[in-house]
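Q: Sequence:
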Amino acid sequence: MKTLTTISAALALAGVANAADVQVTADITTSTVWTANNKYELVGQIYVRNGATLTIEAGTVIASNDGGSLAITRGSQIFANGTATDPVIMTSTEDVATWTGGNPKSGQWREGANEWGNLTIMGDAYIAEDAVGANTATPNANNVANMEGLVLQPGQNAQDVQYGGGDDDYDAGTLSYVSLRYGGRVVGLNNELNGLSLGGLGRGTDIHHIEIMNNVDDGIECWGGTVNFKHISIWNVGDDSFDIDQGWRGQAQFGLIVQGFSLDASQGSGVGDNAIEHDGAEDSDYQPVTTGQIYNFTVIGQPVDGDGLTAWRDNARMQYRNCIFMDCGEKVVRFDGDDGDGASGYGHNGTLDWLSTWSTADTVTSTVNAPANPAAFYQAQEGGNLAEISDSVFFRNFNSDAYTEAINVGAVTNGSVGAQANNNVIADLSASPIASIVRHSPQTKGGKIMVRVVKLDPRATNDALVSAGSAPADGFYTPANYRGAFDSTTNWAEGWTAADAYGFFDVTSAQVAQRTSPNNVADSMNLTPAPVLGASVAFTFDPAGNCGVSAGQLYFLYYGLPGAATPLPFFSGCSAFPFGDLLIGLVGSSNLASGAYTGIPGSVPVTLPLAGELCGATLSAQNIYVSLTTFGTTAGNAVDFTFGI
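All the letters of the sequence shown, read from the start, carry residue numbers -19 to -1, 1 to 626 under mature numbering (1 follows the signal peptide of the UniProt record, and there is no 0).
Treat the hints as calculated values from the structure; they're not laboratory data. Treat the numbers as computed from the prediction; the structure is a model and nothing was measured. For every residue, glycine included, the Cβ atom is placed at its ideal position computed from N, Cα and C. No false leads were slipped in.
Restraint ranges, calculated between C-beta atoms of paired labels, are given here:
| hint | residue 1 | residue 2 | range |
| --- | --- | --- | --- |
| 1 | Thr13 | Ser397 | 53 to 63 angstroms |
| 2 | Gly476 | Gln137 | 32 to 42 angstroms |
| 3 | Ala400 | Thr470 | 23 to 33 angstroms |
| 4 | Thr471 | Ala7 | 41 to 51 angstroms |
| 5 | Thr425 | Ala1 | 42 to 52 angstroms |
| 6 | Asp150 | Phe379 | 37 to 47 angstroms |
Please model the entire structure based on the sequences and the hints provided.
A: Right, dumping it as structure tokens:
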């Protein structure tokens, strides 16, 4: 029986300070609704079982201690229905203690994890697992696995801790706008809870807008099944950020991964390991084998002592498209071969070897332990090769081996700046693919040097602004003609995540929307957001470290009216003009004498102002452009700047 204390109260949903405390002390065996006017605490490991459904309203907070954890068993469902303004938050009481007045949109980041358990969901889709004695190497609806981190209690049904089956369309419910923070209870040696553990979930399960912040183990780990992911954000976890295993055959789009640490502990139990890790099957010749597709991920590593950005094991096949891979501390493509638990790796028992996986079309399926209907099992990939990284940006990956394996498998041509194979590009240091990133000073954690991210604007700039291709309109994907998880204007992680509440997102910076203006101003870049008609605006040009500009470079501002054949220049000197005044920011004036200057496309017949001088005018233009010139010679496009209102 469910033993929730029922409390009736008319409470505003302003925060947990006004919420009634409800302890959940026993399994949920009948369908139950948790409401936002209560704050729930999980006492021990709680199971939703016997086909029950747990519904969690938007704005509900579940704050637990120690062993408090929630598991959804096969045949049961969860509907955590958060929204962009009122997420469902599962966290620790220590985290809630940092919230101002109980406001869930406040709080302070702390070094911490292992403060409660996690959310585990188990389903009935196909998996590939060899630890259970009766399992077969060929896909079988009777193949099951025991969920990592769950311990069978006396009198409990073994099926309560198992996942796997024969329904790839299995529906375990919905997770939308859910933030999981400071979790990952340590059950025993090498047995730690992930932030979100998913076993054998089918494509009928809906998972989108999920955040993991500060977990002791992996952020999200998915074993088998076909569940898809959309809009996931993973920060500062103690092992792999996104870990897939045992024959996952799904799709994912729009993911932000920020590597860091949760605890001062060893790598894998407090300090982040691989950003994305994919294991194929256990053993590696079992089927189904991991065969998935990922679009529009922004993967930010640890640049000093971080591990790989993508780790490949046990015949895993994965297609990456329209992604950003940056600040890697080791290898962008890490060939691990096997997972170290006795599996045999690529090429075992007649399966494809490592290099062949990167050159074999996705339509080719293994004949080793194959199902009778392979097309039904492998639906996630479309076109290209079984293993692939294409149409993506690589940036600031300085390790001497960063591109060694990527070159070996043909993902990139070389490790030099510029265009690469497969429509990939290695970006110049002056052309960051994201708007801004600020790191903490170096800290030693778990024997590793960490420089955690403290401020981030992940929106697209430069080579991330436009991709060669985009995800198909197939009912799951959203076609997005840019690289990385964010376009140039919107941060979808704002408003509902811990990252936002803790102040990690830089909301003051803006970014270049395009390199060339619609009016074809040479070497110009459109500023966004566009100034509001008639509003006063201020521009900031920062030459120190981020802009890649030097003394003697001039910025000309132009306005372009709809339908105008050519843009009209603003001039300097704070003279009155019908459409406002021009700021010409001279980055250092020592290399250029005051006086007349002839530039492109016209002349500036007035004394040049010093750097940063603004005339204080009210701009009336709807479209503002920047053109960079250097003493009459047009300079390169790769210039960064910030624009603030």
